[in-house]
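Protein chains in written order, with this note's numbering: chain A, 183 to 443; chain B, 953 to 1405.
Among the clues, some could well be false.
Not everything, but these chain B residues come out facing chain A in the computed CB check (under 7 Å) [as the list claims (entries may be wrong)]:
(1) 1115
(2) 1118
(3) 1126
(4) 1127
(5) 1132
(6) 1137
(7) 1140
(8) 1142
(9) 1304
Coverage of chain B stretches by chain A, computed from C-beta distances (three or more under 8 Å per stretch; other residues unrestricted) [stated by the list, open to error]:
(10) 1163 to 1169
(11) 1175 to 1187
Everything labelled a hint here was simulated from the structure, so no lab data went into it. Even glycine gets a Cβ: it sits at the ideal position worked out from N, Cα and C.
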Amino acid sequence: MDDATPAGAFPVEIRDLTVAYQSRPVLWDVDLAVRPGRLTAVVGPNGAGKSTLLKAMLGLVPAASGWVKVFGEPPARQRRRVAYVPQRGSVDWDFPTNALDVVEMGRYGSLGWLRRPGRADREAAIACLRRVGMDAFASRQISQLSGGQQQRVFLARALAQGADLYVMDEPLAGVDAVTERAVVALLQGLRADGKTVIVVHHDLQTVPSYFDEVALLNVRLVAAGPVEDVFSPENLQATYGGRIGFLDAPGAKATAASAAD
Amino acid sequence: MLSAPALLGVEFDYTLRNVVMGSAALGAVGGAIGSFATLRRQSLLGDAVAHAALPGIGLAFLLTGTKATGGLLLGALLTGWLGTLAVLAITRGSRVKEDAALGIVLSVFFGVGALLLAYIRQSGEAAQSGLDRFLFGQAAGLVAEDVRLIAVVGGGALLAVALLFKEFKLLAFDPDFAATLGFPVTPLTVALTSLIVVAVIVGLQTVGVVLMVTVLVAPSIAARQWTNRLGPLVILAGFLGALAGATGSLLSSTVDRLPTGPTVVLIATAIVGVSVVVAPGRGLLWESVARRRRDRRTRIGSVLADLATLSPAPVSGGALPVTIATLASHRGVTPRELRRPLSELKRRGAVRLEGDGAVALTSAGEAQAAAAAHRERLWRSALARQMDLPGDRVHLSTDDIERVLAPEVLVALEGDQTTGRTLGTGDESRATGLNPDGIGMTVSGLPAGGADR
Chain A
183 MDDATPAGAF PVEIRDLTVA YQSRPVLWDV DLAVRPGRLT AVVGPNGAGK STLLKAMLGL
243 VPAASGWVKV FGEPPARQRR RVAYVPQRGS VDWDFPTNAL DVVEMGRYGS LGWLRRPGRA
303 DREAAIACLR RVGMDAFASR QISQLSGGQQ QRVFLARALA QGADLYVMDE PLAGVDAVTE
363 RAVVALLQGL RADGKTVIVV HHDLQTVPSY FDEVALLNVR LVAAGPVEDV FSPENLQATY
423 GGRIGFLDAP GAKATAASAA D
Chain B
953 MLSAPALLGV EFDYTLRNVV MGSAALGAVG GAIGSFATLR RQSLLGDAVA HAALPGIGLA
1013 FLLTGTKATG GLLLGALLTG WLGTLAVLAI TRGSRVKEDA ALGIVLSVFF GVGALLLAYI
1073 RQSGEAAQSG LDRFLFGQAA GLVAEDVRLI AVVGGGALLA VALLFKEFKL LAFDPDFAAT
1133 LGFPVTPLTV ALTSLIVVAV IVGLQTVGVV LMVTVLVAPS IAARQWTNRL GPLVILAGFL
1193 GALAGATGSL LSSTVDRLPT GPTVVLIATA IVGVSVVVAP GRGLLWESVA RRRRDRRTRI
1253 GSVLADLATL SPAPVSGGAL PVTIATLASH RGVTPRELRR PLSELKRRGA VRLEGDGAVA
1313 LTSAGEAQAA AAAHRERLWR SALARQMDLP GDRVHLSTDD IERVLAPEVL VALEGDQTTG
1373 RTLGTGDESR ATGLNPDGIG MTVSGLPAGG ADR
């Protein structure tokens, strides 16, 4: 990236990263530097390794080779500065808990062992629910929330971590219009606060309007940089193969998934 | 004169007290710790551990000749743990899925255990050793020492759960997230699994290896019906486990030759059955009452809406009557099915039934009917826009739409009503303000969301 940027200044820096599940490479030789204070989208077809890339940034998957640094250090040493929003489908929403309790989980990391969340944690969690417009649902059992509302609870939980870097896996997948607007407003608010946000995103149409930077991924990194520079038909072609022809049809809400059919 | 029966009573009480206290304690431990096993979808792991404990009991007896419960359970703990490790090794080291690995471990270990017991029985020692009690359980044999063992070991396990409650909750709900917070997920998983193994082992003597899994699973399934919070769930599961253990052992001790394990299992299952049926909110009974009430409201609402659309415009005074046959055919139902909603509406004073099989809105009913018809149109609009609504909260045509949808959405929908953007019903002409060619039109996003596309 920028030669002028001093080492360690990147919220995320990835060099020569290869990740394999049972000898099949999911990520191959990825180099990426994420700029601070920007909204970065990670896009690519199904099976491109987008979620794996996020998990590598979080230190959840071991690298077969290469390395990941978060604020200049291994991910395991920067836990407090990174917040994670997993895919909504990754948990059991019939779990016996309510929205407020889930958001309080974001505070567990700073609480440490044996200590229980107290009044301050509860108030912080309510404030985070308010930021995503969900404070009225604090005591609602999580299975009784709609998909979009569940997604906003997950976002509130990440906010409760009070991090500098937010890593989100498909926060806009399958949500209603109200949630989409709430999420986008939240992303812009985080950027205004100087936070860095990395989002796995599926809707190519909205990439230019929602994000500053984009990383195009299909096992290998095809291109990464400012949206206006790298979000080109040629790069999309290289990422998705020959199955993409909707960018010149404005207004048609096409997704990577439907384009792949 | 009183001394003999009084003495008997004291002795009886002493034995029974041990039995009841021991069984209640193991039920409490199994129920509370089992909650985490079921939430992590690990119920079958408990079953595999219990079955894998059997060879340990046989080996402990063969190697040391001990009959003491403590020594036998130590053997059980060892092979129970080995069984868990075997499941882990199989799932990690091969392409065999976890359910198959559990099945393999369960049957192989149990098979070895059964062979060992058969060998011991043939060598003529089974009568003294009484190892068979570990198959289906025997609470009557519990002595004070056993109760102390269960209380100390089980109490320690419960204390560990209380101390690590926050961590175990996180582990059960979202292990990846727990890892990103910096919690050591693998050691925590090992700790929780060990506690499950301990909970199984303390119950073996009383409930037996074959049925022990019920003590882990049933109380938490029952408790889940009554509460939506994890803390109360764990406590309630412990309580229900204790209840099943105590009553089951009490019954089996007082009725001759009734094995404890099956008795406890049947009582635990009865608790589950009652909970699944009657628990408020999640219970089947409650659900069916709620569904019936919802259906009735929906039907009354749609009859009102239909009356608003079908009633000929009044020349002067109240609305003109509609025949019940017309009303029925419009909705595609039989006139019989309209009898109850119509009599309910009559009771409310919204309609009056005319003599000749016709029905007319009263002046009070007219306003209600207009409102119902309007709401029904709004709902159609909302559904046409594929709103993200929790399914069980939408009752077409009857629910107060204002309660479910955000005000901004309502404003947009009201706009649809006047501009004619709505999902057609195939009969547009009867509704006013609808665009004739608006049939089946769907809108993929709200104007505000779509504007910046």
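Here is what the structure says about each hint:
This hint holds: residue 1115 of chain B has a C-beta 6 Å from the nearest C-beta of chain A, less than the 7 Å allowed. Evaluation of the residue 1118 of chain B hint against chain A yields a held restraint, the C-beta minimum of about 6 Å falling below 7 Å. Interface restraint check for residue 1126 of chain B: the shortest CB-CB distance to chain A comes to about 5 Å, inside 7 Å, so the restraint holds. Of the supplied interface hints, the one on residue 1127 of chain B is violated, with its beta-carbon coming no nearer than about 9 Å to a beta-carbon of chain A, more than 7 Å.
Hint status for residue 1132 of chain B: holds, given a least beta-carbon distance of 4 Å to chain A, under 7 Å. Because the closest C-beta pair between residue 1137 of chain B and chain A is about 9 Å apart, greater than 7 Å, the hint is violated. A least Cβ separation of about 11 Å between residue 1140 of chain B and chain A goes past the 7 Å threshold, and the interface hint is therefore violated. With a least beta-carbon distance of about 16 Å to chain A, the hint placing residue 1142 of chain B at the interface is violated under the 7 Å criterion.
A cut of 7 Å between beta carbons decides the hint on residue 1304 of chain B: the least distance to chain A is about 40 Å, and the hint is violated. A stretch counts as covered by a chain when three or more of its residues have a beta carbon under 8 Å from one of that chain; for the region 1163 to 1169 of chain B and chain A the count is 0, and the coverage is violated. With 6 residues having a beta carbon nearer than 8 Å to a beta carbon of chain A, the region 1175 to 1187 of chain B meets the requirement of three or more and the stated coverage holds.
Checked against the numbered hints above, the structure breaks hints 4, 6, 7, 8, 9, 10 and satisfies the rest.
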